[in-house]
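Spelled out, the chains give:
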Amino acid sequence: MTRWGMVIDVGRCIGCQACTVACKVENLSPVDAWYAPVVEYEVGEYPDARMSYLPTLCNHCTDAPCVTACPSGALRRRDDGIVLADEDRCIGSRACMAACPYGALHLFEEASGEVLGDGSRGRPSLLEPYTAAGRIPGTVSKCTYCAHRIDFGTANGLMPGVDPLATPVCVVTCPAECRIFGDLDDPDSRVSRYTAERGPREVLRPDAQTGATTAYVGLS
Amino acid sequence: MGDDGLYVRAEDGVRPLVWDETDNTAKPFDEAPRTGTLTGTYEVAGRVVRTAFQTLKDHVRRYTPEYVEEVTTVPAETVKRLAREFGEAACIGQTIEVDGVELPYRPASVVWYRGLSAHKHSLLNGFAIILLPTLMGAIDVPGGLLGDPYSLKGKTPTREYEAPASPEGLIARGFIGGGRVGGVYPPRKVRAPETPEMFELLPVGPYGAVFYLLNSEKEEKYNPPPFPRMLIQYHSNMMKTSGPPDVIERFLKRIPFIVSITRRFEETTEMADIVIPDLHYLERLVPFTFQHYGAGDSPLSCYGAKPVVPSPFPGPKPDEPYVDVMQVLLEIAERAGFLPDLYESMNTVAQLKGEYRLDPAEKYSYAEMVDRWLKNEFGEDHGLDWHLADGLWTDEKSVKEKYPRPFVAARAQVYFEFMHAAGDDVRRVTKELGIPWETDDYQVLPDWKPGPAFKHAAPHDLYLVNMKIPHHALSHTHHNPMLRSISARHDDLRSIWIHPETARRRGIADGDRVLVESAAGRSQRATARVTQLVHPDVVAVQGCGGGWAKGANPDEVNFNALLNLDEEHIDFLSGALDSVIAVNVATIEGGRR
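Quick note, the sequences are listed as chains A and B, same order.
The working numbering numbers the first residue of the first sequence as 1 and each following residue consecutively.
The working numbering numbers the first residue of the second sequence as 221 and each following residue consecutively.
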């Protein structure tokens, strides 16, 4: 059985946000919604201080609280472990947003009126391209692990995590190669081998016990 | 070298002598073993002489780790550790095999940009830094500083590498020679300036644009040649990039007619008499926007821009869309009557050969010129059609092309003797011109000298520096909406970074709106980010944001608006403008969040 997952080597991230931007372009995520933001934080005191970075995205949990909380069945977990939001079925209750311990779900609100929320004044809104792309105002969207790329790859004999066209765009774009993707159930996949060699495998908010498939090395 | 600091030369007056220990004689460098003597004092023709390396060794002895600590506050023990680690990392004596060829292995490198270069005494800074990889033998070898030693004379299917040596046997292109460091060796002949840039007075400098501004401010003092009567400005926003806006405004107001070719109304555009719309790079046709012909193990490569989005503007000829600013310039050249001269310039600059040369008696469209240029570079089957359909040229490198330095017969310099003559040349010409000119830095070996901001009197006793953050490429990307949005999340374009103890002493809390004021009275407003990431004496700002043109966000910090434009802050050798600014930072009344 295939179970897609990602491991992020925190020590390799240089904070360039290329993943953040690539995700935005690939998925045309709504205004102010960043599916793969990189969190900055400072460590230590001068002169031994440094900036550290934590790439984040949906954890595609095995026991996904968002799926359980959704009253309309808009959120579902596929057999390969990917958690998807169906905007056609979403009623905008925000129950998933309250349930997710990772802040990984985003409501597409129509009210922003700013270009990507950058505070620009007097510029045209980019809302129209989002709606043209099928985004429905008032619904929730989220990281899909670039399921469209994975599905394209598996349908065309490509290997997600190995072949770029079949791999989440944040993984492909990272210049520091800090994101590794693959089949968690395959001990020979790159993601499994990386974790075995560089582990231990850690997750954010382990107390939430959600069975996150997005994991980290070098977190602590 | 003799007591005068000059090389002791052969009878031809050109070739420096080296000491040959095998028979205890001084010989021209090309007649002695390459393993000449590095150190020592000797007698040659009745003169006491020393090796250049001995002079360097004696010279740097004064720069002890303790002295460095006093200047920089970096502990002496840390300085020693860094020096030891750099030396150990260089793996002196080790080799590595690349493509079957054994090469020196020197995995230790230094690189520098504005942080080192944009200062008073910047050329001396550059000399000091380049000495590190030079002494380690770590330039253009595996693991070392990989440069572009051949400048633009790289290899394409129609060109071959060149590695010229000067008559003195020294590397005359690449690091220390021309290229990256700005063409310091051999120095150019000094002569009376023809423009207010006075570049002719900078025999080892890479550019002199700052002297346009200094001369604009102090015309009587420097008596420059006449200022231009017309300016065509494109792909730049000099009101924000070239110095303090008030100085640049006064300079631009001297120019009666300004044409701005621009994609958006920027600060400089607002000074223009005529504005011509420019294109987005996805609409443009420009060959050779990227060329990698230099050292390193990545393949030789070249590509250009091509219109992937149709240009919205008609071109100057029927059925020819407007795809590049060159079309505008060609039209101007034709109307002004110097189109044949422009063709000849193109022949020279692009090194067009044979059938691809432009005939001054003919007339060519921009597309035809691009087609010839490409074919000249890559061959008959790589013209405009190839560029539009493909356009990426690559080729594998030989070992010599990847790591050229071991194959170059010319020698590297650790003693910059040429600075002696260059300085004399400048002193002679500026005396003839009757203008004051700083020449103290024409030294054969570098020294540390304090910049104008060093230990400035209170309250302007903080050093404001410009920094980079990972998700912006200087200020080039500030207009990218996605990156702006990320910046908004981190508030990085409005912020200055200040150390907690410094902030506490000045009554500043994280998030306060503050006024950053230079000793010269220029100021910017900013948001304080109190952070452990900066030195207690330093405040740092990212890029050069803000501005006042339509669409600009005046809440962002415009670093360049705080620069000083005067002799104290200009390096008269390199043309650099000092970019460490002595400032005071104070909370704006009512600025507490």
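Careful, some of the hints might be misleading.
Computed footprint of chain B on chain A, listed as stretches where at least three residues anywhere in the stretch have a Cβ under 8 Å from a Cβ of chain B [as the list claims (entries may be wrong)]: (1) 69-83; (2) 90-98; (3) 147-154.
Chain B side only, calculated, beta carbon under 10 Å to chain A, not exhaustive [as the list claims (entries may be wrong)]: (4) T293; (5) A296; (6) T298; (7) P387; (8) H455; (9) R555; (10) G557; (11) H691; (12) L694; (13) H696; (14) L703; (15) S705; (16) V754.
It is worth saying that the hints were derived from the structure and are not from the lab.
All C-beta atoms in this analysis are idealised placements derived from N, C-alpha and C, irrespective of residue type, glycine included.
Results of checking the hints against the structure:
{"no.": "1", "hint": "69-83", "verdict": "violated (count 0)"}
{"no.": "2", "hint": "90-98", "verdict": "violated (count 0)"}
{"no.": "3", "hint": "147-154", "verdict": "violated (count 0)"}
{"no.": "4", "hint": "T293", "verdict": "holds (9 Å)"}
{"no.": "5", "hint": "A296", "verdict": "violated (14 Å)"}
{"no.": "6", "hint": "T298", "verdict": "holds (9 Å)"}
{"no.": "7", "hint": "P387", "verdict": "violated (44 Å)"}
{"no.": "8", "hint": "H455", "verdict": "violated (22 Å)"}
{"no.": "9", "hint": "R555", "verdict": "violated (37 Å)"}
{"no.": "10", "hint": "G557", "verdict": "violated (43 Å)"}
{"no.": "11", "hint": "H691", "verdict": "holds (4 Å)"}
{"no.": "12", "hint": "L694", "verdict": "violated (14 Å)"}
{"no.": "13", "hint": "H696", "verdict": "violated (15 Å)"}
{"no.": "14", "hint": "L703", "verdict": "holds (7 Å)"}
{"no.": "15", "hint": "S705", "verdict": "holds (4 Å)"}
{"no.": "16", "hint": "V754", "verdict": "holds (7 Å)"}
Going down the numbered hints, you'll see the structure goes against 1, 2, 3, 5, 7, 8, 9, 10, 12 and 13, while the others check out.
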